[in-house]
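Trainee: Sequence:
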Amino acid sequence: MSEHVVQSPLPGIFYTKPSPEQPPFVEVGSVVAADTVVGLVEVMKQFAEVKAGVNGTVKEIHAENEGVIGPGDRILTVEEG
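Residue numbers for the sequence shown follow the working numbering, so the first one is 1 and each next one is one higher.
FYI, nobody ran anything at the bench for these hints, they're computed from the structure. Treat the hints with care, since some could be wrong.
The following label-pair restraints were derived from C-beta to C-beta distances [stated by the list, open to error]:
hint, residue 1, residue 2, range
1, E21, M1, 26 to 36 Å
2, K45, S2, 16 to 26 Å
3, V31, H62, 17 to 27 Å
4, M44, M1, 33 to 43 Å
Restricting the straight-line Cα-Cα distance to at most 27 Å, the calculated cross-link-like pairs of lysine-lysine (DSS-like) are [to be verified]:
hint, residue 1, residue 2
5, K17, K59
6, K45, K17
7, K17, K51
Glycine included, every Cβ here is placed at the ideal spot set by N, Cα and C.
From just these sequences and the hints, can you work out the full model?
Mentor: Set out below in structure tokens:
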């Protein structure tokens, strides 16, 4: 099986949850489709959805909730299949 690394499209603050009271979009072991939202990047009060990009299972989450990320930074790894 191959792995796909989801990267940040923008610089900003990364959020693993839609809001502080809600569960994370995905966790290690979550099955995702290419269009599954895996997090949000906030830039100047604008939120951009980050999608998995492939079908598979989340193997590892690299970015921390409310952490600063830059374009191209690794967010998570999906094992395709």
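Trainee: Could you run down the list of hints and mark each one as holding or not?
Mentor: Against the structure, the hints:
1. For the hinted restraint 26 to 36 Å between E21 and M1, the CB-CB distance of approximately 35 Å keeps it satisfied.
2. About 37 Å separates the C-beta atoms of K45 and S2, a value inconsistent with the hinted range of 16 to 26 Å.
3. Restraint check, V31 to H62: a C-beta distance of roughly 19 Å satisfies the suggested window 17 to 27 Å.
4. Between M44 and M1 the C-beta distance comes to about 38 Å, which sits within the given range of 33 to 43 Å.
5. A C-alpha spacing of about 18 Å is found between K17 and K59, which places the hinted pair at or below 27 Å, so the restraint holds.
6. Distance hint between K45 and K17 is fulfilled; the C-alpha atoms sit about 16 Å from each other, no more than 27 Å.
7. Distance check on the hinted pair: K17 and K51 sit about 13 Å apart at the alpha-carbon level, within 27 Å; holds.
Comparing the model with each numbered hint stated earlier shows that hint 2 is the single one that does not hold.
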